[in-house]
Amino acid sequence: MMFRVTNNLINKQIREEKFKSLLSTVTFLLFLPALAIILWLFVKGYPALSLDFLLQDPKSGMTAGGIFPTIIGTFWLVGISILVSCPLGVLAAIYLSEYAADNALTRIIRLAILNLAGVPSIVHALFGLGAFVLFMNMGTSILAASFTLAVMNLPVIITSTLESLKSVPQSYREASWNVGASKLQTIRYIVLPNSLPGILTGLVFSVGRSAGETAAILFTGVAFYLPFLPQSVFDQCMSLSMHLFTISTQVVGMPEAYPYATALVLILLILSVNSVSVVLRSYFRTKRKW
Amino acid sequence: MIKKIEVKNLTLGYGPHTVIKDLNIDIYQNEVLAIIGPANSGKSSFLKALNRMTDFNNEVKLSGDIKLDGESIYDDEDSTFLRRRIGMVSPLPVGLPMTIRQNATYAPRMAGCKDQAELDSIMEDSLRKAALWDEVKDRLDTLATKLSGGQQQRLTIARALSHHPEVLCLDEFSIAIDPVTTMKIEAVLHELKKSITIVMVTNVINQAKRLGDRTAMMLHGQILDLDSNSKIFGGQVKDSRTKDYIEGLFG
Chain X
23 MMFRVTNNLI NKQIREEKFK SLLSTVTFLL FLPALAIILW LFVKGYPALS
73 LDFLLQDPKS GMTAGGIFPT IIGTFWLVGI SILVSCPLGV LAAIYLSEYA
123 ADNALTRIIR LAILNLAGVP SIVHALFGLG AFVLFMNMGT SILAASFTLA
173 VMNLPVIITS TLESLKSVPQ SYREASWNVG ASKLQTIRYI VLPNSLPGIL
223 TGLVFSVGRS AGETAAILFT GVAFYLPFLP QSVFDQCMSL SMHLFTISTQ
273 VVGMPEAYPY ATALVLILLI LSVNSVSVVL RSYFRTKRKW
Chain B
6 MIKKIEVKNL TLGYGPHTVI KDLNIDIYQN EVLAIIGPAN SGKSSFLKAL
56 NRMTDFNNEV KLSGDIKLDG ESIYDDEDST FLRRRIGMVS PLPVGLPMTI
106 RQNATYAPRM AGCKDQAELD SIMEDSLRKA ALWDEVKDRL DTLATKLSGG
156 QQQRLTIARA LSHHPEVLCL DEFSIAIDPV TTMKIEAVLH ELKKSITIVM
206 VTNVINQAKR LGDRTAMMLH GQILDLDSNS KIFGGQVKDS RTKDYIEGLF
256 G
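So the protein lines, in turn, are chains X and B.
Under our numbering, the first residue of the first sequence carries the number 23, and numbering increases by one thereafter.
Under our numbering, the first residue of the second sequence carries the number 6, and numbering increases by one thereafter.
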């Protein structure tokens, strides 16, 4: 019997085409809002944008001048929080992935980590207020706010690190153990080098998240307005996200362009951090070893 | 004959499943012991018990004792030294995601060897023994994962030889390589037998016949038959199932 191209087969091809165009349309639609937001912010914020806006202190009740201290504050907060959460998160993930037995206790720990990721940031803020500001006596300070951000980011970092560790084939570990390498050596020379891209991507992602976070730092270390730059981690600071909230809702007589320009700076900052992760990922993809 | 390995009342299971039941066997110095038997007989698990890879599996339940040179392998809490004395070749080739050179020197480096000249000589020696040197000597610094399956399997063997094991365990080493290379490696094993003890699990009955001094037939976690090759393949078997398996009547 000869094989013929039937209607069924042709229909299949048409369906395939239709589905493909549906997928590409959805993807494009997702891209639109992001582009629209940035364009809108740029157009509305354009009158305020200048080098002085970036490099000067706020003046006359924040209705003039720039946003320099808020940028500096954001760097403080994000930098310290990542210094705390990166080692903690990566080490915890290594323990869970490479050492911990699969028993009731570790299953509860895993569940707790997943749940922690779903806790709203305002709850993290209250936890930070209770644990760091009051109980540990840090006061409202950069340190307390950074620790709060770190706690908020931990589940994200642990989960993404766990995923990257799991992506290293088990046969590599076994081959390494088989020739007399210890567990620690196997982690150091086989597992970590090959899961580094994923771990870094997770870290960069949480940097972006912390930079935009407002609620978690609300009660723990960020001030509405400070006439000076922070001198140490025990000072309070200003932050871009908090400043945006303040000048959009709390200040009377605010020039219209200011909030838009501030939001634009914040978004571009996060975008540039995220694009670092894209570059990192593509760099590691070219160096992929298997 | 000197006993290299003595296995006493070894019972091994994963969770509720028992895969090796009360197994006793002596393995002599400088012999090639071939282990044959159908799938799920516990052959691979037996090899894993020999170098304590079972330590890494939380599900494993193990009882009995294994002695290497008269001393229990469980005496030392840390099993990494044991694994340096017992080389292991897994059935599927694993080129570690690093260069060929780094693969061939991985074991001595992990054992603490830093002398570049010594590492180079270990690398060349083990790659030659695994019949791979001529094919890779001009591209030692390329990724091992880019090698063909057969080449990666010989690299796996080279890695297992690079820590100068006293016992070499091979788990169906020829499953991923062509007959010509298999013959090359078999010749190597024949040569190695003079200096080390070899335990090989194989599904190729002729391989057991060619290489083994003795052959053990395993089924359902027990040894049905264990004797010199001339007896096993000469029809002098204790259990008729061994004969049937060798002749291809069951399995």
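Fair warning: there could be bad hints in the mix.
[Claimed, not checked] Straight line, CA to CA, 25 angstroms or less: simulated DSS-like cross-link-like pairs of lysine-lysine:
no., chain 1, residue 1, chain 2, residue 2
1, B, 236, B, 199
2, B, 198, B, 214
3, B, 8, B, 26
4, X, 205, B, 66
5, B, 13, B, 66
6, B, 199, B, 214
7, X, 309, B, 151
8, B, 72, B, 199
9, X, 205, B, 198
10, B, 214, B, 189
11, B, 236, B, 8
12, B, 134, B, 214
13, B, 198, B, 8
14, B, 119, X, 205
15, B, 142, X, 309
16, X, 188, B, 151
17, B, 142, B, 189
18, B, 134, B, 66
[Claimed, not checked] Estimated spans, in silico, between C-beta atoms of each pair:
no., chain 1, residue 1, chain 2, residue 2, range
19, X, 192, B, 26, 25 to 33 angstroms
20, X, 113, B, 129, 38 to 46 angstroms
21, X, 303, B, 43, 58 to 66 angstroms
22, B, 123, X, 253, 36 to 44 angstroms
23, X, 192, B, 118, 44 to 52 angstroms
24, B, 147, X, 136, 36 to 44 angstroms
25, X, 192, B, 14, 29 to 37 angstroms
[Unchecked claim] Quick partial rundown of chain X residues pointing at chain B, CB under 7 angstroms, derived from the structure:
no., residue
26, 123
27, 127
28, 128
29, 193
30, 197
31, 202
32, 203
33, 207
34, 216
Hints listed in this document are in silico derivations from the structure and should not be mistaken for laboratory results.
Even glycine gets a Cβ: it sits at the ideal position worked out from N, Cα and C.
A quick look at each hint next to the structure:
| no. | hint | result |
| --- | --- | --- |
| 1 | 236(B) / 199(B) | holds, 23 angstroms |
| 2 | 198(B) / 214(B) | holds, 15 angstroms |
| 3 | 8(B) / 26(B) | holds, 22 angstroms |
| 4 | 205(X) / 66(B) | holds, 21 angstroms |
| 5 | 13(B) / 66(B) | holds, 15 angstroms |
| 6 | 199(B) / 214(B) | holds, 18 angstroms |
| 7 | 309(X) / 151(B) | holds, 13 angstroms |
| 8 | 72(B) / 199(B) | holds, 22 angstroms |
| 9 | 205(X) / 198(B) | violated, 31 angstroms |
| 10 | 214(B) / 189(B) | holds, 16 angstroms |
| 11 | 236(B) / 8(B) | holds, 21 angstroms |
| 12 | 134(B) / 214(B) | holds, 22 angstroms |
| 13 | 198(B) / 8(B) | holds, 15 angstroms |
| 14 | 119(B) / 205(X) | holds, 20 angstroms |
| 15 | 142(B) / 309(X) | holds, 23 angstroms |
| 16 | 188(X) / 151(B) | holds, 22 angstroms |
| 17 | 142(B) / 189(B) | holds, 17 angstroms |
| 18 | 134(B) / 66(B) | violated, 36 angstroms |
| 19 | 192(X) / 26(B): 25 to 33 angstroms | holds, 27 angstroms |
| 20 | 113(X) / 129(B): 38 to 46 angstroms | holds, 39 angstroms |
| 21 | 303(X) / 43(B): 58 to 66 angstroms | violated, 46 angstroms |
| 22 | 123(B) / 253(X): 36 to 44 angstroms | violated, 55 angstroms |
| 23 | 192(X) / 118(B): 44 to 52 angstroms | violated, 27 angstroms |
| 24 | 147(B) / 136(X): 36 to 44 angstroms | holds, 42 angstroms |
| 25 | 192(X) / 14(B): 29 to 37 angstroms | holds, 30 angstroms |
| 26 | 123 | holds, 5 angstroms |
| 27 | 127 | violated, 13 angstroms |
| 28 | 128 | violated, 11 angstroms |
| 29 | 193 | holds, 5 angstroms |
| 30 | 197 | holds, 4 angstroms |
| 31 | 202 | holds, 4 angstroms |
| 32 | 203 | holds, 4 angstroms |
| 33 | 207 | holds, 5 angstroms |
| 34 | 216 | holds, 6 angstroms |
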